[in-house]
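Engineer: Given these sequences and hints, build the entire structure.
The primary structure of each chain is shown beneath.
Protein chains: 2
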Amino acid sequence: MQTTIMTVEEIRALATDTLRAHGCDEANAAAIAENMTQAERAGAASHGLFRLAGHVTNLKNGRANGAAKPILEKLGPATLRVNGDGGFAPLAQKIGLDPLAEAARETGIAALAITRTMHYAALWPEVSVLAEQGLAAMAMTSSPPFVAPAGGTKPFFGTNPMAFAWPRKDAAPMVWDQAASVTARGEVMLHKMAGKPMPDGSGLDADGNPTTDPDAILTGAQLPFGGYKGASLALMIDLMAGPLIGEVCSFEAGPPNNTLGGPSEGGEIILAFDPTHFAGAGALDHGERLFEALLTQEGTRLPGARRGPAREKSDQEGVAIANETLAKIQALGS
Amino acid sequence: MQTTIMTVEEIRALATDTLRAHGCDEANAAAIAENMTQAERAGAASHGLFRLAGHVTNLKNGRANGAAKPILEKLGPATLRVNGDGGFAPLAQKIGLDPLAEAARETGIAALAITRTMHYAALWPEVSVLAEQGLAAMAMTSSPPFVAPAGGTKPFFGTNPMAFAWPRKDAAPMVWDQAASVTARGEVMLHKMAGKPMPDGSGLDADGNPTTDPDAILTGAQLPFGGYKGASLALMIDLMAGPLIGEVCSFEAGPPNNTLGGPSEGGEIILAFDPTHFAGAGALDHGERLFEALLTQEGTRLPGARRGPAREKSDQEGVAIANETLAKIQALGS
Numbered sequence: 001m002q003t004t005i006m007t008v009e010e011i012r013a014l015a016t017d018t019l020r021a022h023g024c025d026e027a028n029a030a031a032i033a034e035n036m037t038q039a040e041r042a043g044a045a046s047h048g049l050f051r052l053a054g055h056v057t058n059l060k061n062g063r064a065n066g067a068a069k070p071i072l073e074k075l076g077p078a079t080l081r082v083n084g085d086g087g088f089a090p091l092a093q094k095i096g097l098d099p100l101a102e103a104a105r106e107t108g109i110a111a112l113a114i115t116r117t118m119h120y121a122a123l124w125p126e127v128s129v130l131a132e133q134g135l136a137a138m139a140m141t142s143s144p145p146f147v148a149p150a151g152g153t154k155p156f157f158g159t160n161p162m163a164f165a166w167p168r169k170d171a172a173p174m175v176w177d178q179a180a181s182v183t184a185r186g187e188v189m190l191h192k193m194a195g196k197p198m199p200d201g202s203g204l205d206a207d208g209n210p211t212t213d214p215d216a217i218l219t220g221a222q223l224p225f226g227g228y229k230g231a232s233l234a235l236m237i238d239l240m241a242g243p244l245i246g247e248v249c250s251f252e253a254g255p256p257n258n259t260l261g262g263p264s265e266g267g268e269i270i271l272a273f274d275p276t277h278f279a280g281a282g283a284l285d286h287g288e289r290l291f292e293a294l295l296t297q298e299g300t301r302l303p304g305a306r307r308g309p310a311r312e313k314s315d316q317e318g319v320a321i322a323n324e325t326l327a328k329i330q331a332l333g334s
Numbered sequence: 001m002q003t004t005i006m007t008v009e010e011i012r013a014l015a016t017d018t019l020r021a022h023g024c025d026e027a028n029a030a031a032i033a034e035n036m037t038q039a040e041r042a043g044a045a046s047h048g049l050f051r052l053a054g055h056v057t058n059l060k061n062g063r064a065n066g067a068a069k070p071i072l073e074k075l076g077p078a079t080l081r082v083n084g085d086g087g088f089a090p091l092a093q094k095i096g097l098d099p100l101a102e103a104a105r106e107t108g109i110a111a112l113a114i115t116r117t118m119h120y121a122a123l124w125p126e127v128s129v130l131a132e133q134g135l136a137a138m139a140m141t142s143s144p145p146f147v148a149p150a151g152g153t154k155p156f157f158g159t160n161p162m163a164f165a166w167p168r169k170d171a172a173p174m175v176w177d178q179a180a181s182v183t184a185r186g187e188v189m190l191h192k193m194a195g196k197p198m199p200d201g202s203g204l205d206a207d208g209n210p211t212t213d214p215d216a217i218l219t220g221a222q223l224p225f226g227g228y229k230g231a232s233l234a235l236m237i238d239l240m241a242g243p244l245i246g247e248v249c250s251f252e253a254g255p256p257n258n259t260l261g262g263p264s265e266g267g268e269i270i271l272a273f274d275p276t277h278f279a280g281a282g283a284l285d286h287g288e289r290l291f292e293a294l295l296t297q298e299g300t301r302l303p304g305a306r307r308g309p310a311r312e313k314s315d316q317e318g319v320a321i322a323n324e325t326l327a328k329i330q331a332l333g334s
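Chains as they are written, first to last, in my numbering: chain S, 1 to 334; chain E, 1 to 334.
Hint data in this document are derived by calculation from the structure and do not stem from the laboratory.
Hints may contain errors.
According to the in silico footprint, chain S covers these stretches of chain E (three or more CB under 8 Å from chain S) [to be verified]: (1) 95–109; (2) 154–164; (3) 283–292.
If you want the ones that stay clear, here's a sample from chain S, every Cβ over 10 Å from chain E, calculated [stated by the list, open to error]: (4) Met6; (5) Thr7; (6) Arg12; (7) Gly23; (8) Gly62; (9) Lys69; (10) Asp170; (11) Ala194; (12) Asp200; (13) Ala216; (14) Ala327; (15) Gln330.
As the structure is a computational prediction, the values presented were derived from the model and not from experiment.
Yeah, the Cβ is synthetic: ideal placement off N, Cα and C, and Gly gets one too.
Structural biologist: Below, the structure is given as structure tokens:
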């Protein structure tokens, strides 16, 4: 795969300019570009510039509102909702996260329902923001139907990611973000682009037969991770990001918006917890003892630990962007 | 495996009498016996009478307080804590669940922290109670270290189960309850008792080599389901049921209390959500459409669907209890 090295600033500028050129206002372009830039910076190409062409398609065909003005409502002492006004998720998240953190600090636990947005389902940015403020956080969202349930053969669930973050004392938060499927959708698309097979057990072809061919999986079905247990998580996430908050389930989201990885309509639920509310000032020290024991006793690393070094490397050396991705962006015109 | 058929009432009476004979007061004996009885009734032998000998050991050696008087505290509009007074979990849960449901109905979301109890980690009873009141519910608890992290070889995490329930309109709630390990600990113990191998990928022996021998896994390590993704869940559950609520992590819980499946000290967090708070009166209908689509489009069943028919069968035909379990209970004396 041929690539071009870009600085973090160049990535942000390319994303911002492209989104502005195709109908995003300044606030929306900045929020989305920041999201994609942080993904590239952290080594998560599946949620970076690669997604820009899909976003533009959604702007061009009118499915996304590039000038969305999300509206925040406080529903009670521990609950908030942001109606995203049909725009992309990042601006709605930006507007909701600080009030969510404030509510969680006041009541110990709080929930933010994000509705009427188009989401492309990297959830670690939003839970990281909360954990950087000293809160534990959990986020869930559904996606168009890509994943067969345990025992099924046709797409029904979304890849339905869930993310969790825990604040650390003198380090970046511990953050994980994982699809209820074996891999994220973007990973299958990137494997197709790179001509590489998927891991065993990743999916089924359109006839329901196991396959590692990313193209066959894209037209067939992805599989949940860990069999019926991953499918149970997918079902929970569908219910929590759908019926619980008055948003669509995966099976209702219909086919994906376009073949370019454009985000789809749907909801997201974000929960925030203040560890000091229940456990007092020692909660974070206690978490540190857990991490320390895990690192020293087992010699393993913490989830998300690659992101910190990836960010440093990106800041120093830039990020390698696939030329195919850049060509697709260029082909969008301006 | 030789078994004896017992009626549900006989199971309840045997559990109650045994617990009373070994130091439980009436309230604790009734709550624990009800919990075990419902497990047997639903076909979950791993959390039924099989656990009685372990409970009695904990009473005899003074680790459990059979006359515990759990104390409920309301910490804020959306948060509660029950200090279990060193007793077994069921009475603490019983005292906390109705106030949790009330708080969730008032604020849309609420959390109950259960501390200072001994838990044996079937979580579906408590989330079911909440879902029967129209609430969605999530529960997590840790356990002694039995499970190696992804990439590790020694026990570090507990089996760390998580349960989720969603209320249904004219049916028993949809409920799942699953360990972050490939199987629950009790399943490994029951496989050992029955002389049956575990599924591939269930665990490691004491030298860190993969094995399906339940005995080798019991002295080695169980494995997380789905590789690093199950391990991420185990870590989240350790943090949520430990540092978040001021309770022990799995690695701090020390070795299991005894070899009879006795419960161990630890905490539990239970979250409750009122779907009508966010989504209005249509939330449950929306859930029904999801279940209906899953059942008809894919021909699969819902998680936990076996429990309903198992209960009916148990009520009509009784439950087959392993004679070895009954012999162990008899050997406890009175």
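Engineer: Next step is simple, just say for each hint if it's right about the structure.
Structural biologist: Right, here's what the structure says about each hint:
1. 95–109: Holds, because 4 residues of the segment 95–109 of chain E bring their Cβ atoms closer than 8 Å to Cβ atoms of chain S.
2. 154–164: holds (count 3)
3. 283–292: Holds, because 6 residues of the segment 283–292 of chain E bring their Cβ atoms closer than 8 Å to Cβ atoms of chain S.
4. Met6: Label holds. Min Cβ-Cβ 30 Å, cutoff 10 Å.
5. Thr7: About 31 Å separates Thr7 (chain S) from the closest Cβ of chain E, which puts it past 10 Å; holds.
6. Arg12: 29 Å, holds
7. Gly23: 30 Å, holds
8. Gly62: Answer for Gly62 (chain S): holds, closest chain E Cβ roughly 26 Å.
9. Lys69: 21 Å, holds
10. Asp170: Holds: least Cβ distance 16 Å, greater than 10 Å.
11. Ala194: 22 Å, holds
12. Asp200: At roughly 12 Å from the nearest Cβ of chain E, Asp200 (chain S) sits farther out than 10 Å, so the non-interface label holds.
13. Ala216: Given a closest Cβ separation of 19 Å, the condition holds.
14. Ala327: Per Cβ check, Ala327 (chain S) is outside 10 Å of chain E; nearest 34 Å; holds.
15. Gln330: 36 Å, holds
Checked against the numbered hints above, the structure violates none of them.
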